[in-house]
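The letter at position 15 of the sequence shown is residue 15 when you use the UniProt record's numbering, and the numbering goes up by one with no holes.
Please keep in mind that the hints were generated in silico from the structure rather than gathered at the bench. Possibly wrong hints are sitting among the right ones.
Said to hold, decoys possible - Okay, the calculated beta carbon distance ranges per label pair:
1) Thr5 / Arg77: 13 to 21 Å
2) Gly7 / Glu73: 16 to 24 Å
3) Glu13 / Leu63: 17 to 25 Å
4) Phe76 / Lys10: 31 to 39 Å
5) Leu63 / Lys14: 30 to 38 Å
The C-beta atom is built at its ideal place from N, Cα and C for all residues, glycine as well.
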Amino acid sequence: PIFGTGGAEKLAEKYHTQLLGQMPLHISLREDLDKGTPTVISRPDSEFTAIYRQLADRVAAQLYWQGEVIPGEISFRA
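Generate the whole structure from the sequences, applying the supplied hints.
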């Protein structure tokens, strides 16, 4: 792992910020990106897509509460 066990939590704590989520490193993610296709497109029903969408929801919620304008819809192109 990039941060090691508990590293992301420690980094968030150090900078007094909230950890919005964690994306596991997996070979399928790298393979999809090497092909130029995001995992949310190539594997829409995968656990990684679900994790990414949850993370995106959390980021959007944080932007909303900061008063930032967020798009009503996010689209992906294949």
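Results for each hint:
1. Thr5 / Arg77: 13 to 21 Å: violated, 36 Å
2. Gly7 / Glu73: 16 to 24 Å: violated, 34 Å
3. Glu13 / Leu63: 17 to 25 Å: holds, 22 Å
4. Phe76 / Lys10: 31 to 39 Å: holds, 33 Å
5. Leu63 / Lys14: 30 to 38 Å: Given a distance of about 23 Å, which is not inside 30 to 38 Å, the answer is violated.
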